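Undergrad: Chains as they are written, first to last, in the UniProt record's numbering: chain A, 1 to 353; chain B, 1 to 353; chain C, 1 to 353.
A portion of the hints provided could be inaccurate.
You can't tell identical chains apart in this list, so a pair holds if it fits in one copy or across any two.
The calculated lysine to any residue pairs, modelled on SDA-like cross-linking and capped at a C-alpha distance of 25 Å, are [unchecked claim]: (1) K119 to V261; (2) K119 to S84; (3) K234 to D160; (4) K119 to F242; (5) K119 to D328; (6) K119 to S259; (7) K119 to G329; (8) K234 to N159.
Derived from the structure by calculation, the hints contain no laboratory data. Here the structure is a predicted model, which is why all the values come from computation and not from measurement.
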Amino acid sequence: MIRLSLLALVPVAPALHYLFSIPPIWVFLAGILGIGVLADWIRAATDQLARHTGPAVGGLLSVSLGSVAELMLAMFVLAQGQPSVVHAQITGSIIGTGLLGLGLAIVVGGVTQERQTFKRERAGLLSSLLILVLIALLLPAVADFTARRVTHPGNVSLNDEDLSLLVSAALLLLYVGNLVYTLVTHRDVFATGEAHEAERAWPLWQCLAVLAAATAGAAVESDLVSGALTATAKALHLSTLFMGVIILALVGTIADLFSAVWFARQDRLGLVMSICIGSSIQVALVVAPLLVLLSWLIGQPMTLVFENPLDLFAIAGTALIVNAIAGDGETTWFEGVLLIGVYVVLGIAFFFA
Amino acid sequence: MIRLSLLALVPVAPALHYLFSIPPIWVFLAGILGIGVLADWIRAATDQLARHTGPAVGGLLSVSLGSVAELMLAMFVLAQGQPSVVHAQITGSIIGTGLLGLGLAIVVGGVTQERQTFKRERAGLLSSLLILVLIALLLPAVADFTARRVTHPGNVSLNDEDLSLLVSAALLLLYVGNLVYTLVTHRDVFATGEAHEAERAWPLWQCLAVLAAATAGAAVESDLVSGALTATAKALHLSTLFMGVIILALVGTIADLFSAVWFARQDRLGLVMSICIGSSIQVALVVAPLLVLLSWLIGQPMTLVFENPLDLFAIAGTALIVNAIAGDGETTWFEGVLLIGVYVVLGIAFFFA
Amino acid sequence: MIRLSLLALVPVAPALHYLFSIPPIWVFLAGILGIGVLADWIRAATDQLARHTGPAVGGLLSVSLGSVAELMLAMFVLAQGQPSVVHAQITGSIIGTGLLGLGLAIVVGGVTQERQTFKRERAGLLSSLLILVLIALLLPAVADFTARRVTHPGNVSLNDEDLSLLVSAALLLLYVGNLVYTLVTHRDVFATGEAHEAERAWPLWQCLAVLAAATAGAAVESDLVSGALTATAKALHLSTLFMGVIILALVGTIADLFSAVWFARQDRLGLVMSICIGSSIQVALVVAPLLVLLSWLIGQPMTLVFENPLDLFAIAGTALIVNAIAGDGETTWFEGVLLIGVYVVLGIAFFFA
C-alpha cells in the first residue's frame with residue numbers, strides 16, 4: 001500500500017519542469033524523491049522476478065538489475081561531463097548505507113535490546129569483502145599517482161582507462177564468485193531467512209512490465225535531476241561534490257535505510273548487516289565497475305581513478321570502522337552512535353573541502 | 001606517602017629559574033618532572049571529587065579535569081606560537097601510553113604469567129574507539145590537502161579552523177556518549193573493579209583546594225617549560241618536534257606508565273588495557289578537541305590539521321597494532337615486545353625527520 | 001628424487017650464455033629456474049643442518065641461511081645500480097606467498113573440504129607481525145617524505161641511510177625475539193607437527209657441502225640473471241619494476257607455492273598459514289633488513305625507503321586482506337579466490353604503472 005501511494009511522487013518533477021517555470025532546485029528535489037521511489041519499485045520487481053528462477057540466477061538478476069535506477073542517474077550525470085560527481089555519488093552510497101544506515105538500525109535496535117547478535121561467520125565474509133572494496137577503489141588512484149609522479153610523468157589518461165576496464169572486469173568476476181559462494185556452495189550459512197511468502201507473487205509479465213516502466217521513468221527523472229544539478233548547487237551554496245556525496249547518493253540508499261531500521265526493530269541484526277554492508281559492497285563491486293564499462297561503451301569514459309582524497313579516505317574509514325564494529329558478532333547502541341558520528345564528521349569534511 | 005614526597009620536585013624548576021642563573025635545559029627537565037607530579041595530584045583530586053558524586057558525573061569530571069596539567073602545558077606552548085609542537089605532544093601522548101605503556105605492562109605481566117587474558121567485549125569497544133581516533137585525527141589533514149591541492153587551491157586556513165571546531169564538537173559529543181555507555185547503560189560490562197576503599201576519602205574542600213593549587217602550580221611550571229623549550233632543543237641538538245613527541249608527552253603519560261606496570265604485576269590486564277588504550281583515546285577525543293576550542297577562545301587558534309605525516313602515521317600505526325594485539329583477548333610477553341619495538345622504530349623516525 | 005632431477009635445470013643458463021650466442025631472454029628465464037632450484041636445495045640443507053642443533057639455534061640458522069639465494073640475486077641486481085628493482089622483488093615476494101601462494105592453497109584445500117580450520121592463537125601472532133611489517137616498510141617512506149617536503153627540504157639521502165640501518169637493526173632484533181617466543185617460551189602453541197622423520201638425515205659435512213655448492217651456483221646464476229634483466233625487459237615490452245615484482249620474486253616464492261598447495265591437500269591449514277604468511281613476514285623482517293646491512297657493507301647502499309607508492313600499497317593491502325581472512329580461524333574456497341583476485345588486480349596495476 002505504502003509503495004503504491006509513493007508512486008504519486010513520481011510525476012511531480014516532470015510536472016514542475018514542463019508545466020511551471022519554477023526554480024530548478026524544486027525540480028531537483030522532486031526528481032531525487034521520484035528516482036528513490038522508482039528504485040524501490042525496480043528492486044521489488046527484481047525480487048519478484050527472482051522467484052521465477054532458482055536462487056542463483058535470482059541473485060545474479062537481483063544484483064544486475066537491482067541498481068538500475070542508480071546506474072541511470074549516474075549515466076546522465078556522466079553525460080553532463082561530471083565524472084567527479086559520479087565518484088562522489090558512489091562514495092556517498094557506500095558511506096550512506098555502511099555508516100548512516102547501519103548506525104541508525106543499530107541505535108534503533110539497541111533501544112529495546114541491551115545487545116544484538118549475529119553469526120560471526122557471515123560477518124567474516126563481509127569484513128573480507130570490505131577490505132577488497134578498499135583495495136579495489138584505492139588501487140587505481142595509487143597506480144595513477146605512481147605513473148604520473150614517479151615512473152613516467154606525462155599523459156597517462158589512456159592507461160587509466162585500460163587499467164580501470166581490467167580492474168572492473170576482475171571485480172565483476174569476483175562478485176560472481178561471491179554469488180556462487182553465498183547462493184550455491186555455502187548457501188546454508190548465508191541463508192537470511194528473509195520470508196516474503198506472505199506477499200502475493202507477481203506473474204512474470206507483471207515483473208517485466210514494472211521493470212520496463214520504472215526504468216523508463218527513472219531515465220526521465222535522471223535527465224531532469226542531472227540537468228538541474230549545477231543550478232541547485234549554486235542556489236544552495238553547496239559544491240556539486242557535496243550534492244553528489246550526500247544528496248544524489250540518497251537515490252540508491254533511501255530504501256535500504258528504511259528496510260534496515262525496520263528489521264532492526266524486529267531484532268534481525270544478521271539481515272540488517274547483509275542489507276547495509278552488502279549494499280555498500282555491491283555499489284563498489286558491481287555499480288562502479290558497470291559504470292566504467294557502460295561509460296566506455298557510450299564513449300564518455302569514466303575511470304575508477306577517484307581523484308578526491310576525501311572520497312578515498314571516506315571509503316577506507318568506512319571499511320575500517322565497520323570491520324571494528326562487526327568483528328565481534330554483536331552490537332550495542334553506542335556502536336550505532338559511533339557509526340553515525342563518523343558519517344557526520346565525514347559530512348562536515350565534505351562540506352568544507 | 002610516595003605521592004607526598006614527590007611534591008618536593010615541584011619547586012625545583014622555579015627555584016632554578018628565579019634564584020640561580022642556570023642553563024635552561026635544567027629548568028626544562030625539572031619543570032617536566034614538576035608537571036608530571038602535579039598531573040598525578042590533579043588526577044588523584046579528581047578521583048576523590050568523583051566519590052562525592054555518582055559514577056556518571058564522576059566520569060565526566062574525571063575526563064574534563066583529569067588532563068588539566070597536559071592542557072595547561074599545551075596552552076603555554078601554543079602561546080609561544082608552536083602549534084606543531086602541540087600536535088607532536090598529542091601524538092606523543094597517544095603512542096606513549098598506547099605503545100610504550102601497554103608494551104611495558106604486557107612484558108612485565110608476561111614474565112610471571114605465560115598468558116594474560118581480559119574480556120573481549122571491552123577490547124571490542126576500545127578497538128572501535130581507536131579506529132574513530134584514527135579517522136578523526138587524519139580527516140582534517142585529508143580535507144585540508146583536498147581543499148589545498150584539488151578543489152580550490154588558495155587560502156584555506158579559515159576553513160581549517162571552522163572544520164576543526166565542528167569536528168572537535170562532534171568528538172566531544174561522541175565521548176560523552178561513550179561515558180553514558182560505559183558508566184550508565186552498560187555499566188556492568190565495563191566495571192573495572194578498581195578498588196580504592198582502602199584509601200581515606202578526602203572531604204570536598206580538600207579536593208577543590210588540591211585541584212586549585214595543583215592547577216596553579218602546573219601553570220607556573222608550564223610557563224617555565226615552554227619558555228625553555230627552544231633553548232633546550234638547541235642544547236640537546238634535537239628538533240622541537242622530537243622534544244614534543246618524546247619528552248613533553250611524558251607529562252601526561254608518566255603516571256599512566258607506572259599504574260599500568262603496577263596492575264600488570266597483579267595480573268589485572270583488563271584494567272591495564274583500560275588505562276593505556278583508554279588514555280590514548282582520551283587524548284584524541286577530549287584533550288585535542290578541548291585544545292582546539294580553548295585555543296580559539298584565547299584567539300591563538302590551533303587546528304586539528306596535523307601537518308606532519310609522521311604524526312598521522314604514528315597514530316594510524318598505533319591504532320592498527322593495538323587492534324591486532326588486543327583483538328584476541330589475551331597477551332603474551334612477545335606482544336609487549338612488539339609494541340615497544342614499534343614505539344622505538346617510530347622514535348627513530350621522529351629523530352631523523 | 002624430484003629434487004635431484006631438478007638439478008638438471010641448473011647448468012642450462014650458464015651453458016646458454018657461455019656456449020651459444022642466444023638472446024638474453026632465454027638466459028634470464030633459465031637462470032630464474034636455476035636459482036629457484038638452488039634456493040630449494042639451500043633450504044633443504046639448512047633444515048638438515050638444523051637437525052644437528054636444537055630447535056632454537058636451528059630456527060635461527062634456517063632464517064639466516066634459508067634465504068641465501070634470494071639475497072644473492074638481490075645483491076647482484078643492486079650491484080647493477082637498480083635498488084628500485086630490488087624493492088620490487090621484496091614486494092613481489094611478500095605478495096607472492098601472502099596472496100598468490102595462500103590463495104592457491106586455500107582454493108585447492110577448499111575443493112574437497114567445505115571449510116578448513118586452524119588455531120586462532122597462531123593466526124593472532126601472524127596478524128600482529130603482518131601489521132608490524134606494514135609499519136616497518138611504510139615508515140621509512142613516510143619519514144623520507146616528511147623530511148623532504150615538510151621539515152627541511154634539501155638533501156636527505158644521508159639521513160635515509162642512517163634511518164634504514166637503525167630500523168633494520170630493530171627489525172632483526174624483533175625477529176630474534178619472535179624466534180625465542182615461538183621456539184623457546186611458547187613452543188607448544190606453535191609446534192607445527194611437521195614430520196620429517198621419514199627422510200634420511202644428512203651428515204654434517206653433507207649439509208655444509210650442499211650449502212656451499214648451492215650458494216656458489218646461485219651466485220653464478222644471479223650474475224647472469226641480473227646482467228640479462230634490462231635486455232629481457234626490453235624484449236618483453238615490460239618495465240624492470242614489473243619484472244622484479246612478478247618474475248624475480250618467483251625465485252624466493254616458487255618452492256613455498258608448491259609446499260603450500262601440497263599441505264593444503266592434506267588439510268593441514270595451520271602449516272599452510274605458517275609457510276605462506278611466515279614467508280612474507282620473513283622477507284620483510286629478515287631479508288629486507290639484511291639487504292640494507294649487506295648493501296651498506298659493500299658500499300652500494302640500499303635504503304628501506306620504498307619510493308614506489310604501489311609497492312607500499314601492495315604491502316598494506318596484503319596485510320589487511322590476509323588479516324581479514326585469517327582472523328576467524330577458518331577458510332573456504334571463496335576466501336582463496338579473493339586473495340588470488342587481489343594479487344591479479346595488483347599485478348594489473350604494476351603492469352600499467
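Undergrad: Give a verdict on every hint.
TA: Evaluation of the provided hints:
Taking CA atoms no more than 25 Å apart as the test, K119 paired with V261 passes inside one copy only; the shortest distance there is 19 Å, against 30 Å between copies. Proximity of K119 to S84 under the C-alpha cut-off of 25 Å is found in neither arrangement, the shortest distances being 38 Å within a copy and 45 Å between copies. When the C-alpha separation of K234 and D160 is checked against a cutoff of 25 Å, the pair qualifies only between copies, where the shortest distance is 22 Å, while the shortest distance within a copy is 31 Å. Taking the closest pair of Cα atoms, K119 and F242 never come within 25 Å of each other, the shortest separation being 36 Å inside a single copy and 42 Å across copies.
In the homo-oligomer, the alpha carbons of K119 and D328 lie at most 25 Å apart both inside one protomer (9 Å) and across protomers (12 Å), since each shortest distance falls under that limit. Within a single copy, K119 and S259 get their C-alpha atoms as close as 20 Å, which meets the 25 Å cut-off; across copies the closest is 33 Å, which misses it. Taking the shortest alpha-carbon separations for K119 and G329, both the intra-copy value of 6 Å and the inter-copy value of 15 Å come in at or below 25 Å. Proximity of K234 to N159 under the C-alpha cut-off of 25 Å is restricted to the inter-copy arrangement: shortest distance 19 Å between copies versus 34 Å within a copy.
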